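Here the protein sequences come in this chain order: A and B. Using full-length UniProt numbering, read the first sequence as starting at 1 and increasing by one per residue. Using full-length UniProt numbering, read the second sequence as starting at 1 and increasing by one per residue.
Hints listed in this document are in silico derivations from the structure and should not be mistaken for laboratory results. It is possible that part of the hints are untrue.
What the hints assert, rightly or not - No farther apart than 20 Å at their CA atoms in a straight line, the calculated lysine to aspartate or glutamate pairs in the EDC-like style are these:
no.	chain 1	residue 1	chain 2	residue 2
1	B	K55	A	E525
2	A	K217	A	E166
3	A	K418	A	D143
4	A	K280	A	E453
5	B	K55	B	D3
6	A	K53	B	E106
7	B	K47	A	E244
8	A	K291	A	D442
9	A	K502	A	D515
10	A	K53	B	E107
11	B	K47	B	D166
12	B	K5	B	E54
13	A	K280	A	E331
14	A	K334	A	D322
15	B	K5	A	E525
16	B	K47	A	E526
17	A	K418	B	D3
18	A	K53	A	E68
19	A	K53	A	D41
20	A	K401	A	D239
21	A	K428	A	E470
22	B	K57	A	D523
23	B	K57	A	E526
24	A	K280	A	D496
25	A	K418	B	E107
26	A	K334	A	E8
27	A	K280	A	D523
28	B	K169	B	E50
29	A	K88	A	E379
30	A	K53	B	E104
31	A	K247	A	E216
32	A	K280	A	E229
33	A	K438	A	E453
34	A	K438	A	E166
35	B	K47	A	E525
36	A	K53	B	E54
37	B	K57	A	E525
Here the structure is a predicted model, which is why all the values come from computation and not from measurement.
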Amino acid sequence: MDNTLPTEFDIIIIGTGLVESIISAAASRIGKRVLHVDTNDYYGGTWASFNLKSLQEQGTKPNEKQFENERCLQIGNDVFSIQDFSEKWHIIEHNEKENVTQTPEDNEKQLVETFEDKVTIQDESKEAKPNVNETKENSFSRDSLLNNSRKFNIDLVPKLHFARGEFVQLLISSNIARYAEYRSVSRVLTWVNNTLEVVPCSRSDVFANNRVSVIEKRMLMKLLTSLDEDDDNYKDNQDKTFLEFLKEKKLTPNLIHFVLYAIARSTDTTSCSEGIASTKRFLNSLGRFGKTPFLFSMYGSGETTQAFCRLSAVFGGIFALDRAQVGLMIEDDKVTKVFCQGQEICAEHFVLGAEKIPKLYTEHLKVNSYISRAVFITESSVMPSEQEHLTLFMYPAENGKPIVTVLELGSLTGTCPKNLFLVHLTAKQTTTPQEDFKHIIDNLFQFNDQSTEDIRKPKILWSCYFSLPETNSSDLKGTNHPPNLFVADGPDLDLDYDLTIKKAKDIFKQIYPGDEFLPRAPDPEEIIFGGEENEKENVEVTDTLQKDTTSLNDNN
Amino acid sequence: MDDYKFLFKVVLVGNAGVGKTCLVRRFTQGLFPPGQGATIGVDFMIKTVEVGNEKVKLQIWDTAGQERFRSITQSYYRSAHALILVYDISCQPTFDCLPDWLREIEEYASSKVLRVLVGNKIDREDREIPTHVGEEFAERHNMYFLETSAKESDNVERLFMQIAEDLMKQARMTNVPRYDSNSQNINDSSGQESSCCNRLT
Numbered sequence: 001m002d003n004t005l006p007t008e009f010d011i012i013i014i015g016t017g018l019v020e021s022i023i024s025a026a027a028s029r030i031g032k033r034v035l036h037v038d039t040n041d042y043y044g045g046t047w048a049s050f051n052l053k054s055l056q057e058q059g060t061k062p063n064e065k066q067f068e069n070e071r072c073l074q075i076g077n078d079v080f081s082i083q084d085f086s087e088k089w090h091i092i093e094h095n096e097k098e099n100v101t102q103t104p105e106d107n108e109k110q111l112v113e114t115f116e117d118k119v120t121i122q123d124e125s126k127e128a129k130p131n132v133n134e135t136k137e138n139s140f141s142r143d144s145l146l147n148n149s150r151k152f153n154i155d156l157v158p159k160l161h162f163a164r165g166e167f168v169q170l171l172i173s174s175n176i177a178r179y180a181e182y183r184s185v186s187r188v189l190t191w192v193n194n195t196l197e198v199v200p201c202s203r204s205d206v207f208a209n210n211r212v213s214v215i216e217k218r219m220l221m222k223l224l225t226s227l228d229e230d231d232d233n234y235k236d237n238q239d240k241t242f243l244e245f246l247k248e249k250k251l252t253p254n255l256i257h258f259v260l261y262a263i264a265r266s267t268d269t270t271s272c273s274e275g276i277a278s279t280k281r282f283l284n285s286l287g288r289f290g291k292t293p294f295l296f297s298m299y300g301s302g303e304t305t306q307a308f309c310r311l312s313a314v315f316g317g318i319f320a321l322d323r324a325q326v327g328l329m330i331e332d333d334k335v336t337k338v339f340c341q342g343q344e345i346c347a348e349h350f351v352l353g354a355e356k357i358p359k360l361y362t363e364h365l366k367v368n369s370y371i372s373r374a375v376f377i378t379e380s381s382v383m384p385s386e387q388e389h390l391t392l393f394m395y396p397a398e399n400g401k402p403i404v405t406v407l408e409l410g411s412l413t414g415t416c417p418k419n420l421f422l423v424h425l426t427a428k429q430t431t432t433p434q435e436d437f438k439h440i441i442d443n444l445f446q447f448n449d450q451s452t453e454d455i456r457k458p459k460i461l462w463s464c465y466f467s468l469p470e471t472n473s474s475d476l477k478g479t480n481h482p483p484n485l486f487v488a489d490g491p492d493l494d495l496d497y498d499l500t501i502k503k504a505k506d507i508f509k510q511i512y513p514g515d516e517f518l519p520r521a522p523d524p525e526e527i528i529f530g531g532e533e534n535e536k537e538n539v540e541v542t543d544t545l546q547k548d549t550t551s552l553n554d555n556n
Numbered sequence: 001m002d003d004y005k006f007l008f009k010v011v012l013v014g015n016a017g018v019g020k021t022c023l024v025r026r027f028t029q030g031l032f033p034p035g036q037g038a039t040i041g042v043d044f045m046i047k048t049v050e051v052g053n054e055k056v057k058l059q060i061w062d063t064a065g066q067e068r069f070r071s072i073t074q075s076y077y078r079s080a081h082a083l084i085l086v087y088d089i090s091c092q093p094t095f096d097c098l099p100d101w102l103r104e105i106e107e108y109a110s111s112k113v114l115r116v117l118v119g120n121k122i123d124r125e126d127r128e129i130p131t132h133v134g135e136e137f138a139e140r141h142n143m144y145f146l147e148t149s150a151k152e153s154d155n156v157e158r159l160f161m162q163i164a165e166d167l168m169k170q171a172r173m174t175n176v177p178r179y180d181s182n183s184q185n186i187n188d189s190s191g192q193e194s195s196c197c198n199r200l201t
């Protein structure tokens with residue numbers, strides 16, 4: 001296959017992280033000639049999703065190979081890439097029993113059947129019920145999990161989307177939504193008085209919840225309604241913490257816990273205005289899809305970067321992954337060309353993912369904060385139930401430990417095989433990922449290979465820890481990097497992509513100040529080949545779209 | 001309005017230049033686009049066909065040129081009901097790459113996806129891959145096989161109709177996959193527990 005790239009572009013983007021991919025789509029969408037390359041052979045950079053085997057390889061991956069070329073500055077640094085990766089099995093390598101009675105081939109076949117997932121969405125309702133009678137003790141082995149490696153889609157950066165948040169609105173307004181499917185989070189849990197509790201989210205939830213008294217129900221509804229409706233009443237509370245504010249409302253400790261820690265994802269010191277803003281963000285997205293305000297991307301969050309890349313390609317962007325040798329060529333303090341596997345390719349603007357910044361610019365940089373991450377594969381849910389849940393679990397900050405966002409995903413999300421769960425833990429790092437999450441493991445999980453057994457707790461079959469730098473491109477301001485080189489930040493701690501979109505939009509506006517950011521892409525029916533597009537028709541469709549959105553709002 | 005009963009997603013893969021876009025355009029628009037050059041802004045094409053008195057909507061996705069440097073997004077394969085793997089009968093390298101494509105399909109597509117191998121460009125005189133070689137390959141890998149010419153419109157209709165019929169048969173047997181119009185999908189899922197996942201459009 002001809003491997004040569006064209007050599008002239010308007011903009012070259014290196015790295016396929018989310019910010020880079022959004023910029024790629026936006027530039028391509030307005031007719032710019034985009035070249036989008038990555039040194040990795042996968043999409044997503046530090047935002048990627050991996051199958052089980054590829055994720056394990058992240059720990060053993062050598063640093064990017066140096067290549068000799070004096071004329072260019074090789075891209076890539078160790079500062080902004082994934083750090084301290086470790087992983088561990090907690091189950092046996094083979095399942096002896098199976099191997100004795102069956103030939104390896106049969107064994108594999110059977111395992112495939114056990115894990116057979118229904119990818120077609122509509123099949124799933126039938127498949128949703130976990131087999132309650134199943135008493136296969138320890139039927140999982142390393143081999144059985146690795147044989148199903150491709151059924152895992154493990155996110156480096158798992159995200160949720162507020163149903164009426166900026167991200168979902170952008171997906172709809174730009175028509176990128178057609179590249180992805182979403183599932184709604186079916187319950188929100190919190191940890192209160194040493195037990196797991198379901199957080200009542202909606203009106204019906206509040207009234208169905210029997211852990212909350214009738215009086216409490218009224219109080220909570222009143223508070224939520226007043227927060228939702230009133231904007232001005234809270235200006236007097238600016239100096240207070242959100243906790244003080246809630247206490248003044250004479251809420252019971254139980255209710256304060258739900259609102260403060262789970263709904264507003266706050267701590268005892270969160271300011272009142274911040275707490276109210278987070279509560280409103282939550283409330284605003286209720287009642288659109290499913291029982292909670294949140295959506296999760298089917299097959300993992302890594303799909304999102306790919307959706308933007310697809311749009312970029314549809315509008316003419318050229319994509320080349322797995323390019324081992326990439327460097328920047330600089331003349332008079334400006335980047336003029338990208339060196340790419342022997343070719344020299346010119347463009348006016350250049351965008352780099354944070355982990356692709358040449359070492360020269362990162363030498364004196366220190367990352368201010370890290371994100372602690374852990375991923376577990378478990379054989380049951382933290383709160384088992386008849387149907388499979390997609391669970392968001394907010395673990396409150398305590399004893400100097402950070403707030404931890406726990407996401408438990410079942411096979412219906414397309415991220416793990418049947419009868420297994422994928423548990424993602426995310427927090428602002430205080431010490432190490434292991435330390436930051438230790439209390440949660442102690443309280444809620446058990447390792448499959450530990451000596452004591454507690455039948456109530458899910459067993460961890462495989463665990464993995466790593467840190468991700470929380471990048472902030474403003475740190476790079478002092479490093480005199482060329483003015484036509486833009487750095488796209490890596491992952492952040494926000495639950496959704498609101499910050500990410502803002503960052504991508506900022507860079508886009510710096511490069512193309514007068515242009516529209518991701519206008520709606522036409523539907524296939526609207527494209528008339530060889531003729532002019534019918535403007536009027538376009539307008540009409542946009543109108544209907546808006547009408548739809550309003551009617552959805554009315555459902556509240 | 002849309003009054004179809006079934007909607008199926010069909011995706012095409014194969015090396016650059018084997019005629020994927022031409023097959024799609026021939027089927028959906030009845031024309032053979034002269035010259036190369038990707039059509040900017042085209043994501044997928046839609047054609048509604050009739051199978052046994054039922055309307056079936058085929059949503060046919062093209063690679064958007066990402067196959068040129070082997071950079072197709074995995075998400076392209078997700079939730080495809082049928083997958084057409086295309087090679088050029090007059091170009092050996094496009095046939096030699098089939099195992100690579102199959103690996104990618106195994107990795108990312110559903111295990112239940114309907115797979116069809118298509119040898120395109122049979123209008124050409126300079127055939128390099130005999131029909132039986134393609135046939136054998138397809139048989140070995142449990143795929144349907146068909147040779148086509150997008151230029152002469154040979155077997156193109158048959159290819160897509162066969163896919164529509166087979167998918168219908170599958171769908172009838174399992175009572176799925178059945179799609180309703182999109183907006184309804186959203187309304188259905190709002191405010192109540194839905195086992196379905198949501199499409200946002």
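Evaluated hints:
| no. | hint | verdict |
| --- | --- | --- |
| 1 | K55/B / E525/A | 17 Å, holds |
| 2 | K217/A / E166/A | 30 Å, violated |
| 3 | K418/A / D143/A | 16 Å, holds |
| 4 | K280/A / E453/A | 42 Å, violated |
| 5 | K55/B / D3/B | 7 Å, holds |
| 6 | K53/A / E106/B | 15 Å, holds |
| 7 | K47/B / E244/A | 61 Å, violated |
| 8 | K291/A / D442/A | 30 Å, violated |
| 9 | K502/A / D515/A | 16 Å, holds |
| 10 | K53/A / E107/B | 12 Å, holds |
| 11 | K47/B / D166/B | 16 Å, holds |
| 12 | K5/B / E54/B | 7 Å, holds |
| 13 | K280/A / E331/A | 50 Å, violated |
| 14 | K334/A / D322/A | 26 Å, violated |
| 15 | K5/B / E525/A | 18 Å, holds |
| 16 | K47/B / E526/A | 13 Å, holds |
| 17 | K418/A / D3/B | 35 Å, violated |
| 18 | K53/A / E68/A | 31 Å, violated |
| 19 | K53/A / D41/A | 15 Å, holds |
| 20 | K401/A / D239/A | 25 Å, violated |
| 21 | K428/A / E470/A | 9 Å, holds |
| 22 | K57/B / D523/A | 15 Å, holds |
| 23 | K57/B / E526/A | 17 Å, holds |
| 24 | K280/A / D496/A | 15 Å, holds |
| 25 | K418/A / E107/B | 17 Å, holds |
| 26 | K334/A / E8/A | 16 Å, holds |
| 27 | K280/A / D523/A | 33 Å, violated |
| 28 | K169/B / E50/B | 13 Å, holds |
| 29 | K88/A / E379/A | 16 Å, holds |
| 30 | K53/A / E104/B | 15 Å, holds |
| 31 | K247/A / E216/A | 14 Å, holds |
| 32 | K280/A / E229/A | 9 Å, holds |
| 33 | K438/A / E453/A | 17 Å, holds |
| 34 | K438/A / E166/A | 34 Å, violated |
| 35 | K47/B / E525/A | 10 Å, holds |
| 36 | K53/A / E54/B | 44 Å, violated |
| 37 | K57/B / E525/A | 13 Å, holds |
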